[in-house]
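**Student:** Once you have looked at the hints, place chain B on chain A.
Note that the protein sequences, when read in sequence, are chains A and B. According to the numbering used here, the stretch in the first sequence is residues 1 to 416, in order. According to the numbering used here, the stretch in the second sequence is residues 417 to 832, in order.
No lab work stands behind these hints, which were simulated from the structure alone. Think of the CB as a built atom: it goes at the ideal place given N, C-alpha and C, for glycine as much as any other residue. Some hints here could point you the wrong way.
[Unchecked claim] FRET-style restraints, in silico, Cβ to Cβ: (1) Arg264(A) <-> Pro547(B): 56 to 64 angstroms; (2) Ala223(A) <-> Ser791(B): 45 to 53 angstroms; (3) Glu380(A) <-> Pro430(B): 40 to 48 angstroms; (4) Ala527(B) <-> Ala362(A): 29 to 37 angstroms; (5) Pro367(A) <-> Ala677(B): 49 to 57 angstroms; (6) Leu104(A) <-> Ser791(B): 29 to 37 angstroms; (7) Ala721(B) <-> Ala256(A): 46 to 54 angstroms.
Protein chains: 2
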Amino acid sequence: MSSASPPPVSPLAPASQPDLPPVPGVRLATAQAGIRYAGRTDVLYVGLAEGTVPAGVFTRSKCPSAPVDWCREALKGGAARALVVNSGNANAFTGQRGRDSVALTARIAAAAAPCAETDVFIASTGVIGEPLDAAKFEGVLADCAARAEDGAEAWAAAAQAIMTTDTFPKRATRRAEIAGTPVTINGIAKGAGMIAPDMATMLSFVFTDAALPQPVAQALLAAGVNTSFNCVTVDGDTSTSDTLMLFATGQAGNAAVSDAADPRLAGFKAALDDLLIELAQLVAKDGEGARKFVTVAVEGAENDASAHRIAMSIANSPLVKTAVAGEDANWGRVVMAVGKAGEPADRDRLAIWFGDVRVAVAGARDPDYSEAAASAAMREPDILIRVDLGLGQGRARVWTCDLTKAYVEINGDYRS
Amino acid sequence: MSSASPPPVSPLAPASQPDLPPVPGVRLATAQAGIRYAGRTDVLYVGLAEGTVPAGVFTRSKCPSAPVDWCREALKGGAARALVVNSGNANAFTGQRGRDSVALTARIAAAAAPCAETDVFIASTGVIGEPLDAAKFEGVLADCAARAEDGAEAWAAAAQAIMTTDTFPKRATRRAEIAGTPVTINGIAKGAGMIAPDMATMLSFVFTDAALPQPVAQALLAAGVNTSFNCVTVDGDTSTSDTLMLFATGQAGNAAVSDAADPRLAGFKAALDDLLIELAQLVAKDGEGARKFVTVAVEGAENDASAHRIAMSIANSPLVKTAVAGEDANWGRVVMAVGKAGEPADRDRLAIWFGDVRVAVAGARDPDYSEAAASAAMREPDILIRVDLGLGQGRARVWTCDLTKAYVEINGDYRS
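The following block holds chain A by itself, in its conformation from the complex:
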């Protein structure tokens, strides 16, 4: 943001932020590298203990950023020792210069860690198409590596440093046990526009001291993204840079479990899924210009995948989202969004609720519907739009935010 006054904090921001506990094997530091922003931190360095296992899910964009290409390749090595994240410049659509820039970043980070270049993971967020001068990391990352620490303040600073148009930092923590050994999971994320499903939306990094074989970490992350970040949308636009990574340091010393479906991992899996959902919801709550947090719940679809596509059609509809902004219980636009999804639907079996108020049933307005009650539901900051298709057992739940004039304002004046 180049505007003089920072945007106000989203009214949907949580009242308080959790203090994140240490995750053994993870140390963090932030710095001002001067990539784009003045007077704020714009680079996060995370040092990871030897033996750390990485997992990652990335954008499905056909035009991914140079850092995404790098991470996909580095994942094959199966080891992680450092993560570098910068905000302000996405290093996307920057051609050979972008690839050189990522390589230089890896070189500088590897010297700082120290570690092999292929053990460095990199993510960038911000403007697309501008060359990123990675030489600015020279000195900065070595200094970060020297002073990286594991306290709550370091975690808070990390969540702060990766923000772009986010109005509040996003962090979450969970505890779990694996075969009787307690483990910790910490996560941070950033949004807040160009958010859509079809991949691990935006940037999010999750760290645990659990010992997990790489295929297990990857399987757990890939499963978790489906019920969390792939269920959140702000504007239907898919970033070139979306990255979700999980780093497992193994310092907890739990027994190794080689199958993601092993019951001994059930508690960990539940905690990870829950943490990912919390982070994903925070992203929707900080959607650009958001004033309402919207849950779209679809049931009675032919199957879950169909329910998901219908829910996303509703959540991505500009007409639905502007109606929510206007606190208008406009179920007609929900019908429209169901209809355009292209999924099996029978107009005459549809039922629709706003909050607890059933506004439509059997393909028409609910005869008992109270406009006053529906309007009251729309005035809440949290809005539930529930649709029953009446066809089968398929269900899905996704999260989004309203579409306000502030979204247009933020995005009509981002680059200039």
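**Tutor:** Just chain B now, kept in the frame of chain A:
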């Protein structure tokens, strides 16, 4: 719109509107049926001479309106004698009452025409989910049928009566010859939100005195929609009511041509296509809140269908559309939209232009790119976004408008 002051006319409205000539066999009248609006016409009645052939293309929504269901069925009869269009209420998602309402409208119109009920075509536009009291047409349609006429004023009034949030009426005319016989084509259309491809967007009615067998009329219309209304999008939302119909009265007395591909129809086809493009562009120019008319031209795709999907991805991207509103030559968002389309694309072969200014080439910023020149192009009311994928010969061209705060304003306060 229930707001006290009418919206200002779109700055993209044409400086002048054409006077439409008579189309022999077509007479029109408008009235105030009091469906929803006060102090303006809200119903259009068109009387069609015996022998008129209908053709139609309708929304692909899985939740179509009751009038769309009616027209699909009536088309099978192959004959048209009357068209009734009302604005203010879409009669969509109104259940059995909606079907009854359409049947009653047909009965009233058939008595007025007079004709068989199955020769009546019906379209409704406006709010979804509210019962439409068709009894209000009683008397009104008979009066319309009695005073229907074919002058320029009647055509102008027709274009006016079908408007909802449109800020200007949309009409166009063409002349052509079929086998040496001159024919006329007149068309009217209305937009202006819930506009997306995947069907004949919004309501548009085209009338010609050409004699065309029904399969030929249908084939010509179905082909024409692909390069016109299916290439325009305002917000990516697909209406439950979208209807494009062509009525051919046959009064010109041209030789019957039984094959749509017959060279004797080439001139007529070109004129029809051109008229449909003009109407489609007028819809984009009157997109809700539009301040910029945007042409997205994609070339070098693997094939035309792929080019079309990429062009629509760009045209539907909220981030691209807000950048245009902000007069920001933000090619990074164009890259994003290409990437999210899911179509074959090679980041490192992409080239992008705003107007005549090439801003990106070979996967990076054009080294010769002038920010000042690009900014000047963005200040124009007509914006061309051109993308060359560098892969093949596929090309497509679509039209849209920018996404402004006025769009949010209009749609956040439509129903209340």
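**Student:** For every hint, state whether the structure bears it out.
**Tutor:** Evaluated hints:
At roughly 59 angstroms, the beta-carbon separation of Arg264(A) and Pro547(B) lies within the given 56 to 64 angstroms, and the hint holds. The supplied range of 45 to 53 angstroms is met by Ala223(A) and Ser791(B), whose beta-carbon atoms lie about 46 angstroms from each other. A hinted range of 40 to 48 angstroms for the beta carbons of Glu380(A) and Pro430(B) is consistent with their spacing of about 44 angstroms. Distance hint check for Ala527(B) and Ala362(A): the Cβ-Cβ separation is about 31 angstroms, which falls inside the suggested range of 29 to 37 angstroms.
As the Cβ distance of Pro367(A) to Ala677(B) is approximately 53 angstroms, the hint placing it in 49 to 57 angstroms holds. Separated by about 31 angstroms at the C-beta atoms, Leu104(A) and Ser791(B) satisfy the suggested range of 29 to 37 angstroms. Separated by about 49 angstroms at the C-beta atoms, Ala721(B) and Ala256(A) satisfy the suggested range of 46 to 54 angstroms.
When each numbered hint is compared with the structure, no violation occurs for any of them.
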